[in-house]
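Novice: Taking the hints into account, I'd like the entire structure generated from these sequences.
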Amino acid sequence: MIDRVRHHDATRLVADAHVPEASPVFEGHFPGFPLLPGVLMIEAMAQACGWLMVARSDFSRMALLAKVGEAKLRGMVKPGAALTVTAELIHDGSGYAVLRGTLAEGSSRAAEAELTLRTMAFPAPELEAAVRARALVIGLA
Amino acid sequence: MSSGAPEQTLQTIADIIAETASVDRARITPTAHVINDLGIDSLDFLDIVFEIDKRFGVKVPVEAWTEQVNSGKAPAEQFFVMGSLAQRIDELVAAKQA
Numbered sequence: 001m002i003d004r005v006r007h008h009d010a011t012r013l014v015a016d017a018h019v020p021e022a023s024p025v026f027e028g029h030f031p032g033f034p035l036l037p038g039v040l041m042i043e044a045m046a047q048a049c050g051w052l053m054v055a056r057s058d059f060s061r062m063a064l065l066a067k068v069g070e071a072k073l074r075g076m077v078k079p080g081a082a083l084t085v086t087a088e089l090i091h092d093g094s095g096y097a098v099l100r101g102t103l104a105e106g107s108s109r110a111a112e113a114e115l116t117l118r119t120m121a122f123p124a125p126e127l128e129a130a131v132r133a134r135a136l137v138i139g140l141a
Numbered sequence: 001m002s003s004g005a006p007e008q009t010l011q012t013i014a015d016i017i018a019e020t021a022s023v024d025r026a027r028i029t030p031t032a033h034v035i036n037d038l039g040i041d042s043l044d045f046l047d048i049v050f051e052i053d054k055r056f057g058v059k060v061p062v063e064a065w066t067e068q069v070n071s072g073k074a075p076a077e078q079f080f081v082m083g084s085l086a087q088r089i090d091e092l093v094a095a096k097q098a
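Just so you know, the sequences run in chain order A and B.
Okay, so the first sequence: first residue is 1 according to the working numbering, each after it adds one.
Okay, so the second sequence: first residue is 1 according to the working numbering, each after it adds one.
Treat the hints with caution; some may be incorrect.
[Stated by the list, open to error] Heads up, simulated DSS-like pairs for lysine-lysine below, C-alpha to C-alpha not over 30 Å straight-line:
1) B/Lys73 - A/Lys72
2) B/Lys73 - B/Lys59
3) B/Lys96 - B/Lys73
4) A/Lys78 - B/Lys73
5) A/Lys72 - B/Lys54
6) B/Lys54 - A/Lys67
Keep in mind the hints are simulated off the structure, nothing from the lab.
Specialist: Structure (structure tokens):
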């Protein structure tokens, strides 16, 4: 869901995510009133947080979403929306990390959540290669 | 930042476990194994470790401990029984303050 990383440092990552105009996701959600499902808003934040953790490890570790805490879905996101996704590190623990994700459309807050990710060494070289390749595409590596 | 005698540390950790994982406080004894006896799953354990990290100002090396246990270099009781866990936390706090 992350199209481009605009900025990142050791504790913060800002990225662009463009919601497609058309997607099978919108067909049932909802007929005549397409909206980005809340779970995908959370997924976008989780991906930004994941990328931050991957970058922090210099691409030696992957991150998996483990917990969604205090999620607030403040706004409705429609097809074609240009979103800014932000990940901020709260705590980098041993084998886990806690981050705050936010989603915004322009100056409007769309969503936020505290996310806990498990971090681990890549379990397969193919996965590491795929992550590195995607990182190049989105401007993270 | 919490620190002090193992008993005080143990009580703090027990409070964290009781609050975070909804475990009956009476079951959290010095000889209780955090996972085997208290029924805490891996996700609750992450929450507990996060609270310990914050409360004591340390970074509990869970991955290193787990590797030592899995490789047979140390018994699980050295890290994951309440009394021992409190001692390990006190050692981490002392090391940070040194």
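Novice: Would you mind marking each hint as holding or not holding in the structure?
Specialist: Here is how each hint holds up against the structure:
Between B/Lys73 and A/Lys72 the CA atoms are separated by roughly 45 Å; this puts the pair beyond 30 Å, and the hint is violated. For the proposed pair B/Lys73 and B/Lys59, the alpha carbon gap of about 21 Å is at most 30 Å, so the pair holds. A C-alpha spacing of about 24 Å is found between B/Lys96 and B/Lys73, which places the hinted pair at or below 30 Å, so the restraint holds. For the hint pairing A/Lys78 with B/Lys73, the CA-to-CA distance comes to about 55 Å; that exceeds 30 Å, so the pair is violated.
Simply put, A/Lys72 and B/Lys54 have alpha-carbon atoms about 24 Å apart, close enough for the 30 Å limit, and the pair holds. A hinted pair counts as satisfied when its Cα atoms are at most 30 Å apart, and B/Lys54 with A/Lys67 qualifies at roughly 18 Å.
The structure fails hints 1, 4 (numbered hints given earlier, in ascending order).
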